[in-house]
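Chains as they are written, first to last, in the UniProt record's numbering: chain A, 1 to 269; chain B, 1 to 269; chain C, 1 to 269; chain D, 1 to 269; chain E, 1 to 269; chain F, 1 to 269.
Any given hint could be a false lead.
One copy or any two copies: either way a pair holds, since identical chains are not told apart in the list.
Said to hold, decoys possible - In silico SDA-like links for lysine to any residue, alpha-carbon gap of 25 Å or less:
| # | residue 1 | residue 2 |
| --- | --- | --- |
| 1 | Lys213 | Arg105 |
| 2 | Lys248 | Phe155 |
| 3 | Lys22 | Ala236 |
| 4 | Lys253 | Gly200 |
Don't read these hints as lab results, they were simulated from the structure.
Quick caveat: nothing in here was measured; it's all calculated off a predicted structure.
Residues per chain are reported as follows:
Number of protein chains: 6
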Amino acid sequence: MPLYERILITGAAGRLGSELRKGLAPLAKTIRLAGRQQFTDLAPHEEAAVFDLADMEATIAATAGCDAIVHFGGAPNESPWQTILDSSIRGSYHIYEGARKHGARRVIYASSVHAIGYHEVEAHIGIDAPVRPDSLYGVSKNFVESLSRLYWDKFGIESVCLRIFSSFPEPADRRMLWSYLSFADCVRLVEASLTAPRVGHTISFGVSDNKVKTIDNSGANHLGFQPRDSSEPFRAKVEAAKPPVDPKAPSTKYLGGWFCDLSHPDDLK
Amino acid sequence: MPLYERILITGAAGRLGSELRKGLAPLAKTIRLAGRQQFTDLAPHEEAAVFDLADMEATIAATAGCDAIVHFGGAPNESPWQTILDSSIRGSYHIYEGARKHGARRVIYASSVHAIGYHEVEAHIGIDAPVRPDSLYGVSKNFVESLSRLYWDKFGIESVCLRIFSSFPEPADRRMLWSYLSFADCVRLVEASLTAPRVGHTISFGVSDNKVKTIDNSGANHLGFQPRDSSEPFRAKVEAAKPPVDPKAPSTKYLGGWFCDLSHPDDLK
Amino acid sequence: MPLYERILITGAAGRLGSELRKGLAPLAKTIRLAGRQQFTDLAPHEEAAVFDLADMEATIAATAGCDAIVHFGGAPNESPWQTILDSSIRGSYHIYEGARKHGARRVIYASSVHAIGYHEVEAHIGIDAPVRPDSLYGVSKNFVESLSRLYWDKFGIESVCLRIFSSFPEPADRRMLWSYLSFADCVRLVEASLTAPRVGHTISFGVSDNKVKTIDNSGANHLGFQPRDSSEPFRAKVEAAKPPVDPKAPSTKYLGGWFCDLSHPDDLK
Amino acid sequence: MPLYERILITGAAGRLGSELRKGLAPLAKTIRLAGRQQFTDLAPHEEAAVFDLADMEATIAATAGCDAIVHFGGAPNESPWQTILDSSIRGSYHIYEGARKHGARRVIYASSVHAIGYHEVEAHIGIDAPVRPDSLYGVSKNFVESLSRLYWDKFGIESVCLRIFSSFPEPADRRMLWSYLSFADCVRLVEASLTAPRVGHTISFGVSDNKVKTIDNSGANHLGFQPRDSSEPFRAKVEAAKPPVDPKAPSTKYLGGWFCDLSHPDDLK
Amino acid sequence: MPLYERILITGAAGRLGSELRKGLAPLAKTIRLAGRQQFTDLAPHEEAAVFDLADMEATIAATAGCDAIVHFGGAPNESPWQTILDSSIRGSYHIYEGARKHGARRVIYASSVHAIGYHEVEAHIGIDAPVRPDSLYGVSKNFVESLSRLYWDKFGIESVCLRIFSSFPEPADRRMLWSYLSFADCVRLVEASLTAPRVGHTISFGVSDNKVKTIDNSGANHLGFQPRDSSEPFRAKVEAAKPPVDPKAPSTKYLGGWFCDLSHPDDLK
Amino acid sequence: MPLYERILITGAAGRLGSELRKGLAPLAKTIRLAGRQQFTDLAPHEEAAVFDLADMEATIAATAGCDAIVHFGGAPNESPWQTILDSSIRGSYHIYEGARKHGARRVIYASSVHAIGYHEVEAHIGIDAPVRPDSLYGVSKNFVESLSRLYWDKFGIESVCLRIFSSFPEPADRRMLWSYLSFADCVRLVEASLTAPRVGHTISFGVSDNKVKTIDNSGANHLGFQPRDSSEPFRAKVEAAKPPVDPKAPSTKYLGGWFCDLSHPDDLK
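Take these sequences, add in the hints, and give me the full structure.
Laid out in structure tokens, this is it:
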């Protein structure tokens with residue numbers, strides 16, 4: 001018997017959402033896929049919910065009947081303020097209000113390395129380090145981390161905020177040799193977050209078992225996440241394609257990488 | 001010669017803003033008072049800027065020519081989400097954009113104890129403790145603390161986020177025996193924040209030199225703030241008026257006090 | 001109106017108990033003095049309870065009607081095991097059972113530096129340092145610190161465990177230049193422990209404001225204890241009478257001083 | 001040649017004692033089994049010592065000729081005060097006096113998770129966290145941890161205090177998915193404690209290599225204990241038999257589990 | 001009767017040495033002044049020792065009969081490697097060998113802020129922070145801090161290493177508003193280091209009680225140093241003479257100030 | 001294509017240098033071997049540089065054309081001061097000056113456990129623990145750790161300081177059961193230090209994956225070093241040959257082992 005009755009996955013059409021859609025199937029009787037466009041390939045255990053996160057009423061309605069929410073929707077990258085505000089800040093508030101009003105037990109949220117992107121690589125920060133966002137995108141992640149803490153402390157809704165590092169098909173540069181999170185490990189991380197007996201409010205980093213390690217995730221060991229993949233198989237390819245890095249460059253010095261080099265997104269409009 | 005050319009004070013008509021208006025006069029040639037209603041009593045060194053923080057264009061315009069901003073505007077208390085969003089989240093973003101576009105050197109922000117209200121009294125947290133907001137109001141404070149960190153790390157604008165505890169004419173209950181910040185000490189704290197040689201991005205608690213101390217503010221000692229007042233003169237009056245507290249009640253256990261007992265502000269609508 | 005109805009002081013005939021008897025009078029309508037021998041000089045606000053702490057029934061009975069207990073009774077020094085067991089371990093259990101059965105709100109317990117006597121002077125330990133007793137006496141202090149923690153966490157009885165350093169009429173050797181706690185400061189410490197709005201379970205060191213400081217008591221700042229005395233007025237006298245110490249001797253190296261040199265008390269029988 | 005001449009095992013007839021009796025055989029020429037009843041199945045390398053731990057003379061006598069003591073005797077569970085006092089507090093004092101008088105080099109003591117049972121699961125405490133017992137049983141564990149520290153610092157007897165979590169044939173509920181210590185791992189832990197080159201005074205947690213981890217045992221890595229078992233093989237069975245837990249219940253929130261729900265043992269008499 | 005028989009002061013003709021010569025007079029029967037040139041103004045309680053610290057034999061000889069050494073000699077500033085090597089590294093080794101061979105009890109060494117000059121101002125480092133020298137001068141300070149630790153741990157010679165910040169007649173720039181150590185406080189610091197009952201091996205920062213504080217010296221509180229001076233009386237003068245600083249400049253960001261801007265001293269030859 | 005153009009290995013004829021000469025071959029087009037005597041067995045990819053580290057000019061010249069330096073030269077053991085000074089202190093300064101003048105990108109330095117040899121085994125120190133050398137040899141290691149920090153912070157030359165524990169063909173005593181670093185793991189450690197994308201200034205312990213662990217190297221996890229060997233295969237042999245240790249002896253208590261028992265090397269002349 002699955003652990004959950006119905007899991008809502010937001011951002012279900014996205015890069016990671018597509019992986020989760022497959023990987024989380026055993027955990028619930030029904031998976032409700034949320035996105036801004038119709039899903040055309042629903043499996044029997046799936047159902048769709050099409051709406052914009054910026055729409056409070058629709059978002060709250062979409063959470064009805066869900067005892068767990070995997071919230072991977074919202075702006076997937078640094079974006080203009082209005083996008084961040086509508087999709088990530090307002091949208092996430094709507095999700096948490098849905099959880100509160102409809103009694104979801106647990107929310108798994110896709111936070112990001114960019115929530116703490118201005119910490120230095122050698123600092124080996126733990127999950128309790130003060131926030132240091134490297135972008136408006138990162139600021140919005142901090143907002144939801146704070147909001148979800150309130151919803152746990154005051155309203156008893158458990159949350160896991162996953163600070164995902166670099167979850168791509170394969171590492172694309174030398175930084176990803178340590179920041180890589182394989183799709184399979186990403187699914188394992190969400191699965192662990194959904195099945196751990198108690199999570200309260202937990203922040204966890206999300207990286208594979210890469211050889212070079214730059215953070216201390218021991219504070220989240222109660223999730224029971226054990227990565228099985230590594231960037232090593234891709235090392236030779238990456239090192240052949242990418243020159244050694246400048247050790248004094250911000251994109252090398254800080255966890256956030258090239259996000260630290262981005263200018264303000266509203267300056268580009 | 002004053003340190004600053006022109007200081008913008010938002011929330012200048014408020015309880016603390018009125019005190020700052022007087023107290024900060026020596027620090028700038030001009031004090032620009034911001035509020036939603038006209039100021040009728042401008043002194044020669046003062047000028048007014050009337051606008052709503054939710055208006056991006058007007059807010060940014062109001063920061064022109066200011067080399068320092070004392071941002072005490074926004075929702076002064078727990079409020080419905082739409083108010084928090086417009087006044088405190090969007091409004092503060094507008095202020096920081098103004099600072100960035102018009103070259104303000106330093107922003108002093110009125111954060112609050114409610115940004116970390118769910119920490120226990122005996123934990124004696126320092127300024128680096130993880131956020132634990134006790135209200136949407138507190139969440140919005142965390143948002144600005146995060147945003148201002150980005151504006152320092154990436155754009156070089158210095159900020160001091162002052163987690164003001166209970167700044168009222170006098171302590172109103174037994175909790176305020178330790179959370180009291182006198183108006184005079186509040187002004188001293190802002191003054192220190194404006195005059196310290198370098199603040200980078202600093203978070204500081206704001207309490208007077210009360211006998212009972214519940215936090216560790218040593219991480220902000222580079223501000224040079226030295227409180228001179230205390231709640232002791234009011235102790236007898238408070239103890240006579242208020243019964244001893246229940247040591248197991250949330251409002252006694254946590255720094256945030258009765259904010260921890262508040263229900264969700266949107267449930268009252 | 002005093003804060004408490006009736007305070008029980010155990011060890012009331014002892015060196016510190018006699019001071020507390022006077023000093024705490026303003027805090028309760030009635031002070032109940034506990035000792036093994038009759039008190040012959042009761043003031044109108046005082047009453048006596050004569051019993052042996054090793055007698056469970058009598059001890060529990062003596063706590064009836066007391067909303068606070070100041071537990072300074074028990075073996076006052078390193079003693080044979082049977083004495084430690086009866087007076088300090090069993091006796092303290094009886095006190096806490098009395099508190100639980102008769103509803104005392106708060107217990108102030110005379111723990112001791114000897115509970116952590118094997119920590120090094122330069123370590124500047126805080127109140128959370130692991131226990132390192134230097135004697136059976138110290139072990140019994142750890143026992144009560146542990147017991148009182150249980151009675152708070154499970155039964156809601158607040159406790160303050162005061163690790164008193166050297167409370168004598170004046171410093172007797174060079175170590176006491178930093179370990180001295182004047183009688184007046186000792187009374188202030190107990191008074192603060194009784195009047196702080198909330199103490200939960202607190203461990204606090206007890207030393208005066210001596211120039212040389214060897215511990216960090218900031219974790220107990222919520223008691224509001226502010227020592228006013230110092231060993232400085234006695235320095236010249238002590239230095240003239242006592243030669244410089246050997247920096248490598250255990251009695252100099254460790255907080256416990258000459259207790260570290262004591263042999264096992266049962267070997268002397 | 002075995003490392004020890006003779007190891008005394010107290011509680012040798014108990015659940016864990018029976019396992020140790022087999023597992024530790026290779027470490028000593030002779031294993032002396034201590035219990036309150038005669039052993040009827042002694043192997044050639046075994047000898048029996050029948051006595052009550054509350055009997056000081058008999059207990060000290062039983063330690064003669066032993067260069068190591070594995071002290072697993074005493075009350076095995078929350079018990080009335082008189083039982084805790086006689087078996088666990090007085091009994092353990094007798095064991096340590098035996099060690100001191102007869103020159104045992106090392107004592108391995110069965111402490112318990114209940115010595116720190118009121119710490120929160122997500123706190124991931126290390127071995128140095130302050131004590132927070134969840135029962136009189138836990139208080140007695142703290143007593144022996146303190147006593148053994150004294151016997152190391154002052155008398156040079158090494159001790160390892162093993163805070164055993166849940167050592168049963170298999171995990172019985174969802175909490176044991178993280179608190180499980182297999183019998184084989186328990187034996188490995190005691191073996192490592194006996195064979196590590198130097199232990200001084202060490203406190204170590206005792207859990208298997210379960211997927212969900214709730215503590216940080218790195219401070220005891222000098223024991224060389226490497227668990228090999230896990231609760232995973234039992235997960236499906238446990239999850240099928242036991243419903244999900246309430247994340248806000250004390251028995252879920254704290255390491256001590258259902259011990260936190262127990263009332264005072266003397267109230268049941 | 002003075003505490004010491006004879007104190008050797010190296011660098012006695014220097015800026016701070018001249019102050020110490022006067023200030024320490026009450027602490028010893030004889031003050032032996034060491035320098036490279038003859039002293040022409042010896043008081044009755046003074047004697048001279050003229051030698052070069054680079055001369056091992058002469059330096060060791062100069063320590064004979066001294067039970068305390070105040071070692072303020074060596075290169076007073078960033079200097080070419082050969083100077084640092086001869087005066088500060090080799091010279092200090094000679095001093096410690098003298099202490100060891102002639103039985104000095106305690107050495108007070110003039111280390112410097114430049115031993116940890118590359119730590120950030122807002123980090124509020126304690127005395128245990130890892131070394132981060134900002135110059136060859138700072139490296140030589142680390143060398144002596146390490147050497148003196150060995151001489152304590154292995155040879156039992158106590159040392160206090162004073163990381164003096166900016167000890168000048170008055171603050172010369174905005175950084176000195178927090179780094180200022182008055183001459184009188186400097187003497188008090190050395191005096192406390194000489195008179196504290198036990199120092200073992202202690203590292204202490206040396207700053208006056210300035211309003212803006214950038215370090216945490218609590219780990220050295222066992223010295224009993226209490227600064228009485230402050231940079232405040234000089235603030236107006238400094239602020240009038242010096243423009244506000246660039247918050248992102250290395251000389252503002254790091255404790256070492258303008259030393260961080262110095263190029264390699266051997267490049268100037 | 002190898003990562004480096006040319007790697008200079010100092011001490012290339014030594015015990016570890018010989019291993020590195022073989023193991024690092026794949027990492028550079030050319031390996032330059034430095035020693036005081038001619039190398040008679042150069043492979044085609046090798047070249048020799050014969051000089052004394054005490055000779056500044058020759059040492060600097062030998063670094064020309066090298067983009068990486070593996071500095072394992074200098075006194076290999078506790079030695080008289082003059083040897084330590086010339087080979088280890090002055091010699092290492094010459095190496096770093098060579099790196100600076102000729103533009104080497106990264107230096108890997110053979111520091112030692114003896115840099116922190118007076119820390120206690122049970123303290124489980126991390127890489128940031130304060131220095132506590134156990135010998136002049138250890139002091140010289142601290143000197144280079146400090147010097148290399150300066151060359152990173154000020155001149156941008158990356159360094160890894162490897163605190164090698166006991167790198168011998170096999171463990172020779174019971175301490176080496178935890179301090180053993182196999183030759184193969186030593187090569188892996190240097191290789192990881194040379195190939196990690198960014199090291200800045202990193203201190204790392206060097207031990208194999210021994211069962212008994214006494215340090216916390218997590219702060220160096222960004223090197224990507226994963227030991228594969230262990231002392232376990234040698235345990236039986238060591239335990240048979242060496243008696244159990246005295247737990248109170250300095251050589252057992254401290255990480256530095258028998259170095260803590262060495263007298264001053266200059267006393268033997």
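The hints, checked one at a time:
{"no.": "1", "hint": "Lys213 - Arg105", "result": "between (33 Å within a copy, 22 Å between copies)"}
{"no.": "2", "hint": "Lys248 - Phe155", "result": "between (45 Å within a copy, 10 Å between copies)"}
{"no.": "3", "hint": "Lys22 - Ala236", "result": "between (30 Å within a copy, 21 Å between copies)"}
{"no.": "4", "hint": "Lys253 - Gly200", "result": "between (33 Å within a copy, 9 Å between copies)"}
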